[in-house]
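Let the hints inform the model, and build the full structure from the sequences given.
2 protein chains.
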Amino acid sequence: MKLDSIFYPKSIAIIGASTEIGHVGNDIVKNLVKQGYKGKIFPVNPKATKLYDLKCYPNISAIKSKVDLAVIVVPGGVVPAVLQEAAKKKIKGAIVISAGFKEVGNLDLEKQVKDICQKNNIALVGPNCLGVINPENKMNASFANIMPPNGNIAFISQSGALCTAILDYAQKLDIGFSKFVSVGNKALMSEADLFNYLANDKKTKVVAMYVEQLTNAPALIAAAKKLTHGKNPKPVIALKSGRTSAGASASASHTGALAGNDAAYEALFAQSGIIRVETIQELFDYLRVFTHNELPKGDRVAVITNAGGPGVLTTDTVILSGLKMATISDATKNQLKKHIPPFANFKNPIDVLGDARADRYEAAINILEKDKNVDSIIVVLTPQSMTEFSKTAQAIVAAKMKSKKPIVASFIGGHLVNLGIKILRSHGVSTFNFPEQAAKALSALTDFRYIKKEKNNSHFKFKNINKVAINKILEASHKRGQTLLPEVDSLPVLHHYGFPTLPSHIATTAQEAHEIAKKIGKKVAMKIVSPDILHKTDSGGVMLNVAPENVAIGFKEMMKKVKKNVPTAKIEGVLINEMIKEKGVEMILGAVKDASLGHTIMVGLGGVYVEVFKDVAFGLAPLTKNDALKMIAKLKSKNILDGARGQTVLDTEALIECVGRLSQLLMDFPNIKELDINPLLVLPKGDGVKVLDARIVLE
Amino acid sequence: MKLDSIFYPKSIAIIGASTEIGHVGNDIVKNLVKQGYKGKIFPVNPKATKLYDLKCYPNISAIKSKVDLAVIVVPGGVVPAVLQEAAKKKIKGAIVISAGFKEVGNLDLEKQVKDICQKNNIALVGPNCLGVINPENKMNASFANIMPPNGNIAFISQSGALCTAILDYAQKLDIGFSKFVSVGNKALMSEADLFNYLANDKKTKVVAMYVEQLTNAPALIAAAKKLTHGKNPKPVIALKSGRTSAGASASASHTGALAGNDAAYEALFAQSGIIRVETIQELFDYLRVFTHNELPKGDRVAVITNAGGPGVLTTDTVILSGLKMATISDATKNQLKKHIPPFANFKNPIDVLGDARADRYEAAINILEKDKNVDSIIVVLTPQSMTEFSKTAQAIVAAKMKSKKPIVASFIGGHLVNLGIKILRSHGVSTFNFPEQAAKALSALTDFRYIKKEKNNSHFKFKNINKVAINKILEASHKRGQTLLPEVDSLPVLHHYGFPTLPSHIATTAQEAHEIAKKIGKKVAMKIVSPDILHKTDSGGVMLNVAPENVAIGFKEMMKKVKKNVPTAKIEGVLINEMIKEKGVEMILGAVKDASLGHTIMVGLGGVYVEVFKDVAFGLAPLTKNDALKMIAKLKSKNILDGARGQTVLDTEALIECVGRLSQLLMDFPNIKELDINPLLVLPKGDGVKVLDARIVLE
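Keeping their order, the protein sequence lines are chains A and B. Heads up: the first sequence begins at 4 in this note's numbering, then just goes up one per residue. Heads up: the second sequence begins at 4 in this note's numbering, then just goes up one per residue.
These aren't lab readings, by the way, just hints derived from the structure by calculation.
Copies of the same chain look alike in the list, so a pair counts if it fits in one copy or across any two.
The calculated lysine-lysine pairs, modelled on DSBU-like cross-linking and capped at a C-alpha distance of 30 Å, are:
1. K525 with K586
2. K122 with K13
3. K37 with K208
4. K617 with K688
5. K688 with K567
6. K394 with K37
7. K639 with K586
8. K91 with K117
9. K688 with K564
10. K641 with K617
11. K407 with K234
12. K208 with K425
13. K350 with K114
14. K93 with K53
15. K628 with K617
16. K639 with K617
Following this line, the structure appears as structure tokens:
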């Protein structure tokens, strides 16, 4: 594996090794030397002769032995030259700690670094990072001076400064790591590369990551799925910051207005099977449960407590987290009654009563662990006068060691419960200050059971698509210098891509409008065509159910209204098509392009109230059929599609097909910046859907 | 004050004092003697002569001195006799620790206790409680063996077992209390009484409570408002368990189906100005911020950090918590530049950079504290190699002591940051493991600024209401043994209470239907009348826009459909009224009675999709106009009422009046168990509303 040179080098050169205490170039040599790395270490510093009892070299070439990894701490501008030298020396891995690249606007310098590494097949971490730690071989090639214990968590961080806080906090909680990587600017190596590597890393059971920005969604999703849906599935837990960064508020489409940048990430994580956490606390809570427990067989939780109030609070959080309270069988209840006074509560939560000593907890845990209706156990303890803190903790540890079911604990209190907590922690029982954390983390663990089993469906594939015709329309628009395609151009694009559209015509005069309507011979819908009007209804630019004989007068009225409401709008005419009579529900289907991730697809309740109810769901192109199904399942309006309250069942299949068609359209025409199909009328089951209105914005 | 006998007794008798170590009756005497209570202590135990060097008395009467408070630990059945004796002795307060009352079904015994105390004007805490602690006079009249430090938090708990956990955890966090009360079964003294007392308690600045069930909402709301909206407003923070307790799922109304028990509590807290927390962790987070900080002037937060990632994470939580990131003025930026390297980030969050020592933090805090655009400050610190933990903490403490603005801190890490955290904690700076907790708590503190200022409006008052006519309808229904009033009875009830209803008639044959429609002379709406059908549309029991000439055939069709769909339903006829032509939006207005709290009122989007979108808000009767306004403001459909997307502005005023009318109706006719007005058609502004359909269920 290419990244072995980063994590398992037999020899490391530190270019920019410094004799100055407190300097990063000194810290790294010290961390390698003092924290137990057994390979060869070559400090490179032309001005020094010795550093921590090691010989210093004036440059890389001066090192005669083979070097696997270069850790580079020289000033940013010198990095390309150092990498060239490293390439000459056939070094296979480089960690560039140095800053001064993309993060301060030096895009060219960063590109040089990337190109050299790419050309010479050097695996590159950074630049602008804290470094890499591999506790397995005690290699601390970073300037954080903590060597975490061996563990099964691979941690990937886009923030170097957060790494030191994570390492410090993890040490306090007895959390170990398999790999610890500060990825910095990700000039060459990204999370996707690490995912591919970690999928085969036997030491890694769980992957945790702190993320600020990701790129190339398709590659990332594919790599993440190797981890989360592979033969030996590994959960990936992500903390993503920048949730509130300003969205595309000045957008020309509904989709653009509703799809903030975070919606794209939310979709990315969902489609990858990545578990998203909201806070650092939650990240640690999840990590503790994931590292110490097997996946439960199901979602039924037994709660054991010595206090009623905390029992009820735990029940609340179990249910709110999406888990179920296990139903305790009569046989189990009878067993429990042998050990617990009869006036206790044998319905879940099982109240072992305030005067419970360790033996009562022990009996309850062992009995419930054997109950087939119990998938996992939360043990809650509060300090009462008879409570045995250490002995109860030991009983939990013993039960946990024998059991394949998740058993987690919450000892609520301060100094009194502290010793018990320490015993639990040091013996691999996940323990939490409060039961709500336990329930939430347990719920994530239980969910992963379903995530890893999800079918990894193939992508949609549609044939008989007339790309030539579409290209013609787009080119014509390009020639006119037009990026916003009006309905008259947008609808044909969709038509040629197999979307069911209505034949429609544009009228520029009342007379023309009358003639078009007469030809249609039925009631029509009239809509204003203007590049400056997004909200047609608001501007008075929509008339429905107009009889052919009233179309001419309607045209004049509409012009008057629109000119009054939006005096500056350039008006290109009125779009006229047959009024659809069939009953259906108006949905919206749209897309917006994110510069780094790609196209976000949105589906939801459409019509005039789309922004009132915001009942929409997001996905990231390309979508699998499973992704599209999950998007629609998230909608409240799903109930309407399913025929809620005695209404007609609608054609959800046809809607899903449209979602897929849109996903493929965006792959074929990536220069579509925004797209809105609104409304997309979903007709009764078997009757399909109809595109009633659409607009496309090109890059 | 009556409760002074509970909190400030000069002498205490413990009836049931025990010589047996580990017995509750021994613990209480020990806690009183050993933890510093300076008043007189009289252990009552006929079998003992001495206890902890105190003389024992065979019974209360044997005590010659005056006794202010009786703490009772005898078996439940003996408690009434002891209270009788206490009454004879003119004891003014009693804490009944003993169990065996309502909680095990002994309602009679509990009533005896209540009656004796009520009759003899004895303030009663309990029964079935842990006791009372007043750190001010070192009185620990409980069996929890922790004496918390003096503080400004009054803690009220409905769970005794939780108390010990809270005391232990609070001690670890250096949190003190002004009063600590385990209320037990609340036979006589409830939270409302404590609120009334604490409103005048100078030692109490914040009230915290753990609640499982509350009763008598009107009294509780009134008492809570004395605290939260009084002259000297004190925040009340409540943790309510049982959020997920099964609601009234087999309900006969939409309101009943949607208004779970928790919706009533949510409304109760909102109307009282009580701040609700979801978890024990949040309770402590809020308490720490509320006790140590003044209320901020506004919602603009400055974040100071030595790490980019945590800075972004903090920004996220600041905004998601409903606060704003302060805009830093140029003047302030220039000040900052004198102390912080120029390549730092001077836009909020202010990044003092990874190599920041205490002086840089100190300068940043002091400069930002003086900026008029900054209302509060969050200081974030991660352990980097140059970080000065203690000195930075000291700098924060010094700034906090000089400032009136809230300043809170989050030192993220483990052992490295620990000493800093201890310094902050012991000097009254609220500190959090993670910045997300800080932001959320700060947001609650900021919100309280608005809560306490809210106008305490008076209740709705309507005149010209025909209660006599309503009583006649209700009595007739009672005589028929009918609790579910059909439309033909429900609509007149509403009509006589001033709701705008449509004249409507019931037809039992096609011929009758035809005649009614002919008389109306316009298109009509037809709806099935059956006590067994809630979802009329689903059953085929609704026809709209029927021309008079088609009504007879419509009648027959409807009968056929309904009989097919709901063969067992008893059908009473078809309700016919004029079809409303005006454009409006269908809302729902309803109520459901909760056994302990009273009537929950629901308003929201109505029509057939009420349970699809669940866009509803809840209130608790009686409502003030401000309560009703706030309910409607919570709805997404508020945008529709306001004329979203170019639609007509609707008559929200008339809707609010209806909400108020319903609140008063429920006060006047408390035996209404459930009520649904669906749809309530809200017409364009000035045109009012129309009740199109309704049903009432009586107790």
